[in-house]
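A.B. asks: What follows is the residue order along each chain.
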Amino acid sequence: MDIKLNNKIIIEVKNLTKSFNETMVLNDINFKLFEGETLAIIGASGSGKSVLLKNIIGLLSPDKGSIKINNVEMVDLKRSIKEKVLLDLGITFQHGALFDSLQNWENIVFKVKNKEKLTDKNAKELALSIIKRLGLNSEILDLYPSEISGGMQKRVAIARAICGNPKVLLFDEPTSGLDPVTGSLIDKLIKSAVKTVGGSAITITHDMASVCKVADKVILIDKQTISWSGTPKEMLKSDNAQIKDFIKSTNPKLFI
Amino acid sequence: MNLINSIFKICGTTGRKFLKFLSNVGHFFIFFITAIFWIFRPPWYFKKIFYQIIDIGYFSLPVVGLTTFFSGMVLALQTYNGFSELNNETTVARVVLTSITRELGPVLTGLMVAGRIGAKMAAEIATMRVTEQIDALGTLGTRPMQYLIAPKIIASLICIPVLVLLGNTIGILGGYVIAIFKLEFNPSIYLYATVEYLQWIDIIQGTVKAVLFGLIISMVSCYFGFNATKGAEGVGYATTASVVISSVMILTSTYIITALFFG
Chain A
1 MDIKLNNKII IEVKNLTKSF NETMVLNDIN FKLFEGETLA IIGASGSGKS VLLKNIIGLL
61 SPDKGSIKIN NVEMVDLKRS IKEKVLLDLG ITFQHGALFD SLQNWENIVF KVKNKEKLTD
121 KNAKELALSI IKRLGLNSEI LDLYPSEISG GMQKRVAIAR AICGNPKVLL FDEPTSGLDP
181 VTGSLIDKLI KSAVKTVGGS AITITHDMAS VCKVADKVIL IDKQTISWSG TPKEMLKSDN
241 AQIKDFIKST NPKLFI
Chain B
1001 MNLINSIFKI CGTTGRKFLK FLSNVGHFFI FFITAIFWIF RPPWYFKKIF YQIIDIGYFS
1061 LPVVGLTTFF SGMVLALQTY NGFSELNNET TVARVVLTSI TRELGPVLTG LMVAGRIGAK
1121 MAAEIATMRV TEQIDALGTL GTRPMQYLIA PKIIASLICI PVLVLLGNTI GILGGYVIAI
1181 FKLEFNPSIY LYATVEYLQW IDIIQGTVKA VLFGLIISMV SCYFGFNATK GAEGVGYATT
1241 ASVVISSVMI LTSTYIITAL FFG
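Going down the list, the protein sequences come from chains A and B. In terms of the working numbering, the first sequence opens at residue 1 and continues consecutively. In terms of the working numbering, the second sequence opens at residue 1001 and continues consecutively.
Simulated from the structure, these hints should not be mistaken for lab results. Since this is a predicted model, take the numbers as computed values, not measurements. Where hints are given, some of them may not hold.
Claimed, not checked - Mimicking EDC-like on lysine to aspartate or glutamate, the simulated pairs with C-alpha atoms at most 20 Å apart in a straight line are: (1) Lys1048/B to Asp88/A; (2) Lys54/A to Asp1135/B; (3) Lys248/A to Glu234/A; (4) Lys191/A to Asp88/A.
Use the sequences and the hints to build the structure in full.
C.D. replies: And the structure:
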């Protein structure tokens, strides 16, 4: 099942297999992400969703298979070329992964400041313009990540990911640990960020309300492989036991 | 049969541990070469190097100064007591000078810095590793070895020799204070003896040790931090291992260098 908003393939994963020692985590994973599309990856904790994301961004190497980003084969690619490809991606990690030793504004503009050689003043203004979109107060800019709440840290991490308007956004559980209002704000932001730049996104989540709001396509990872895929509407009607369990937990009908 | 099984079991365990040790040595060697490569490759993060110099050099000075000052004092006192027949200005001055510049200054500075800075480096990098900050760095167009590790190594190589030279001076001053104010030696004669016995070879040897200790402390600490796993426990392990292994390597290498220079 492929819902093509546009024919251009942004990310293509083929026959991806990954094991740690003797334990197989992912087996024969196949999917495509098209331009302008948001893909939600769902699955139980420990099902390998984050491992899949780490394979896509090159932090882990698959045992087998192919990963193409913008038609560039990432597996076994020369490091310097891989870094250039990754510069066009905006990534948030599960726990934020903000740099403790840098103020929040420095975290937000980290990539863009180095890339475009911005002055501190211009960089700070850029950071301010981004955090306003995320409903954050300008006072947090001069604070360190440890001085703000977990929810704010999450939003600063998202600000860092969308800074510079990357065409591909990858979110690892962007709304986990956030209150419903902030979670909803993040969902809107993901949607608008994808729409504004005409980009594509992959979001890993357990939040079915979030899936229904942001995703064009959903895949479920279970028992090391993609056990179900479809649109959010198909997901709501699905007979898959695990999908039903997920839906029961958050009743996303209330949110769409 | 049981005995043979036990022997096989012991051999197996020993062999596995030995292979693990060899594998760790190999990993460290690769890390060492990679780090050296990144030290020489631009761009250099001068702001980060400057902050590290302040942290390693300036903030370590009090602890290094205190340690070497009191060591110089103890040395002067013990030399006076131990060589009671020869308790003149020149003997005490010579023993204090030689011991401090050749051994105590570099070794005590190295051990103090390993405890203060090595632990800090390992804990900082290990925390960054287990909280995915190092992974994030890589995805933001910055190479972790160049951004995190190289500034720490460069700053250590600059600061530790300077700290050793300052520590030596403070240690000799400690000996002077005891010699003049407690043992009531003649200040002029004591100072003259100190300067007369000061040899370039001692300073060079101390500096060589300092550079090597700088390399040992920064490389070992960064290696354990960079390869940390298993969350908070991993951070603790990295910190302990970096201090213990740095200290053992400092004490081992000081003997080798002394043997090379004076053996």
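A.B. asks: Regarding the pair Lys191/A and Asp88/A, is the alpha-carbon distance no greater than 20 Å?
C.D. replies: Within the cut-off at roughly 18 Å; holds.
A.B. asks: Does Lys1048/B pair with Asp88/A here, judged by a C-alpha cut-off of 20 Å?
C.D. replies: Distance ~26 Å between Lys1048/B and Asp88/A Cα, so the pair is violated.
A.B. asks: Need the status of pair Lys54/A, Asp1135/B: alpha-carbon distance at most 20 Å?
C.D. replies: holds, 9 Å
A.B. asks: Taking only the CA atoms, is the gap from Lys248/A to Glu234/A under or equal to 20 Å?
C.D. replies: holds, 15 Å
Violation of the numbered hints given earlier is confined to hint 1; every other hint is satisfied by the structure.
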